[in-house]
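Colleague: Each chain, letter by letter, is given below.
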Amino acid sequence: MPCRAVVSAGARIVMAIVLLASVALKVSHPHPTPVGGRVGIGAFEDLLIAHEVVPQGLVAPSARLVLVVELALALWLMSHWRARSASLTALALMVVFSAYAVAVHARGGDARCGCFGDLSAADLRLHLAQNLGLGMLCWVGSRRTRVSSARDVTTTDTREPPLI
Amino acid sequence: VQLRRISLGRWSAAVALALTTRLPAAQQASIELTDHALAGELNRLAEVYEGLVSASVTRVNTTEPDVHSEAVVLSTGAFVVTFWKAQPEAEPELFNVTHWDGKVLRSTHGPPRYVEGEPAAGFSDPPGPVHHWDAPWPMLHEWCLALANDPEALGFHGGSRLRVESESLGVALTFGPQDECLEVDVVRDGVRTRMTFSDFVAVGRWKAPREQERAFYTRGSGSGEARVDQWSLVEVRFNDEDANGALVWDPDDLGVYRYSPSTRNVYSSDGTVLYNEEEWARRVLGGTKVAGVVRRLLVPGLVILAVASGALAYWRLRR
Chain V
1 MPCRAVVSAG
11 ARIVMAIVLL
21 ASVALKVSHP
31 HPTPVGGRVG
41 IGAFEDLLIA
51 HEVVPQGLVA
61 PSARLVLVVE
71 LALALWLMSH
81 WRARSASLTA
91 LALMVVFSAY
101 AVAVHARGGD
111 ARCGCFGDLS
121 AADLRLHLAQ
131 NLGLGMLCWV
141 GSRRTRVSSA
151 RDVTTTDTRE
161 PPLI
Chain A
1 VQLRRISLGR
11 WSAAVALALT
21 TRLPAAQQAS
31 IELTDHALAG
41 ELNRLAEVYE
51 GLVSASVTRV
61 NTTEPDVHSE
71 AVVLSTGAFV
81 VTFWKAQPEA
91 EPELFNVTHW
101 DGKVLRSTHG
111 PPRYVEGEPA
121 AGFSDPPGPV
131 HHWDAPWPML
141 HEWCLALAND
151 PEALGFHGGS
161 RLRVESESLG
171 VALTFGPQDE
181 CLEVDVVRDG
191 VRTRMTFSDF
201 VAVGRWKAPR
211 EQERAFYTRG
221 SGSGEARVDQ
231 WSLVEVRFND
241 EDANGALVWD
251 PDDLGVYRYS
261 PSTRNVYSSD
271 GTVLYNEEEW
281 ARRVLGGTKV
291 AGVVRRLLVP
301 GLVILAVASG
311 ALAYWRLRR
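As you go down the protein sequences, you meet chains V and A in turn.
Residue 146 in the numbering used here sits at position 146 of the first sequence, with consecutive numbering throughout.
Residue 117 in the numbering used here sits at position 117 of the second sequence, with consecutive numbering throughout.
Mixed in with the good hints, there may be bad ones.
From the structure, some residues in chain A lie toward chain V, with a derived Cβ separation under 8 Å [to be verified]:
hint : residue
1    : 295
2    : 302
3    : 310
4    : 316
Just the calculated beta-carbon pair ranges, DEER-fashion [what the hints assert, rightly or not]:
hint : chain 1 : residue 1 : chain 2 : residue 2 : range
5    : A       : 308       : V       : 119       : 23 to 31 Å
6    : A       : 273       : V       : 125       : 50 to 58 Å
7    : A       : 314       : V       : 136       : 40 to 48 Å
8    : A       : 102       : V       : 72        : 47 to 55 Å
9    : A       : 121       : V       : 119       : 30 to 38 Å
10   : V       : 123       : A       : 104       : 19 to 27 Å
11   : A       : 104       : V       : 75        : 55 to 63 Å
12   : A       : 104       : V       : 53        : 29 to 37 Å
13   : V       : 99        : A       : 121       : 42 to 50 Å
14   : V       : 132       : A       : 296       : 25 to 33 Å
15   : A       : 276       : V       : 132       : 43 to 51 Å
16   : V       : 53        : A       : 47        : 25 to 33 Å
17   : V       : 132       : A       : 240       : 54 to 62 Å
18   : A       : 276       : V       : 118       : 18 to 26 Å
What the hints contain is simulated information worked out from the structure, not anything from laboratory work.
All residues carry an ideal CB built from backbone N, CA and C; glycine is no exception.
Generate coordinates for the entire structure from the input sequences, incorporating the hints supplied.
Modeller: Below, the structure is given as structure tokens:
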């Protein structure tokens, strides 16, 4: 089994774990927010309302869409099916999240996006560094793993020996 | 009258001298109580004022008649003081809020000056953090108990008045024949504040004054130089439901909201109900319960998924 394929699969698994943790931390936000006094996914919605980036009517659907996308992407990454596409999609998601953090920071000076519930980073640089790290993980996960070549080798090896 | 066991370690000689020299003439001729009799009187007074935990005072300054003030003071050390000119509806000129939960002090003296954190050492020592120069009554129970347990406390009886003072506590109290508080003399941070009350009316089982004179003496000038202001107390409410339970601090608004312990409503000072604390607590506790379950299962769940995904990757690579 090629080492590169193992590293790539490992990166995808780690990325999927991060996404699943993000979903779990958002839905289990334990502290009521100062604005709306809500916990759980409601706290994430309160945060989106406070950011004033997403229109008020779209806050609740957007919050749930983020959860669904993260969950689906995590499962996709864990399945290792069309692994490169899954990793590049996750990379694109990191770019979108980073852009959102910059937009929120530009508006209010606080980059806390609520991605990791109450554990979200408030400092923009820390936030971007975190997303950069996750983006690199996606890039490693997207590298061609020559699964098809490995399959060929495996097929060759399992051939029955010629009859003598 | 001679003071026993005076030590000049804590306060200046001038302040200690002032505590004795400014006694009213009636008290100059008074009788010093024995320690036993004094403790008995103080414990009785502590019982009288037990349960008085909050005071709301609306008043007007008689030396500057257009200055009004409203103060809400709790025995916990939380208080809110609002000043306005001419009309109560006018914007407060000074909004002074302190919230003290026993650990963290949050205070604003006319926003945006804001302090949050552990207070300086000795903050909660007697005479305590209460904003007593506006409404000292919520502290009387605690002060009486502290004085009863202070071996340096001195008591004088005369002219149907009882005066108790303690240099070490920095507190001197004078009570009238109906246990009404006639005078409070407090020394703290080098400033001595003397409040004299008169013209009493019954408010529940306690007596509330309608006139108040307040004098500030800075350290070293206790011999007579003072800044004096006089207030007419328009309304005094004890244990008002509005302030009885607690003042709820909002760190985002840097403000204190009112709390009604009977309805459990939290509302702003203009009476607008902001939320019901009971419903809020139920929602938070319900959410917290779910959050706790999710977070307990998070790590083992992720480990299981990671192992399963690793096994799947291995299978796909080997296939």
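Colleague: Using the C-beta atoms of residue 314 of chain A and residue 136 of chain V, is the stated range 40 to 48 Å upheld?
Modeller: Between residue 314 of chain A and residue 136 of chain V, where Cβ atoms are some 24 Å apart, the hint is violated.
Colleague: Quick check on the hint: residue 302 of chain A CB to chain V CB, less than 8 Å?
Modeller: holds (5 Å)
Colleague: Given a hinted range of 30 to 38 Å, is it respected by the beta-carbon distance of residue 121 of chain A and residue 119 of chain V?
Modeller: holds (34 Å)
Colleague: Restraint: residue 316 of chain A near chain V, CB-CB cut 8 Å. Satisfied or not?
Modeller: holds (5 Å)
Colleague: Indicate whether the distance between the beta carbons of residue 273 of chain A and residue 125 of chain V respects the range 50 to 58 Å.
Modeller: Check failed, 42 Å falls outside 50 to 58 Å.
Colleague: Under 8 Å, Cβ to Cβ, is where residue 310 of chain A needs to be relative to chain V, so tell me if that hint holds or is violated.
Modeller: holds (6 Å)
Colleague: Is 18 to 26 Å a correct range for the gap between the Cβ atoms of residue 276 of chain A and residue 118 of chain V?
Modeller: 24 Å Cβ-Cβ, so the 18 to 26 Å window holds.
Colleague: Does the Cβ-Cβ separation between residue 123 of chain V and residue 104 of chain A fall within 19 to 27 Å?
Modeller: With a Cβ separation near 24 Å, residue 123 of chain V and residue 104 of chain A satisfy 19 to 27 Å, so the hint holds.
Colleague: Assuming the hint says 23 to 31 Å, is it satisfied by the Cβ distance from residue 308 of chain A to residue 119 of chain V or not?
Modeller: About 25 Å separates the Cβ atoms of residue 308 of chain A and residue 119 of chain V, which means 23 to 31 Å holds.
Colleague: Is the gap between the beta carbons of residue 132 of chain V and residue 240 of chain A within 54 to 62 Å?
Modeller: holds (56 Å)
Colleague: Given the hint of 43 to 51 Å, is the C-beta distance from residue 276 of chain A to residue 132 of chain V inside that range or not?
Modeller: For residue 132 of chain V against residue 276 of chain A, whose Cβ atoms are near 45 Å apart, the range 43 to 51 Å holds.
Colleague: Using 8 Å as the Cβ threshold, decide whether residue 295 of chain A counts as touching chain V.
Modeller: Status holds, d = 5 Å.
Figure legend: structure checked against the earlier numbered hints; hints not met, in rising order: 6, 7, 11, 16.
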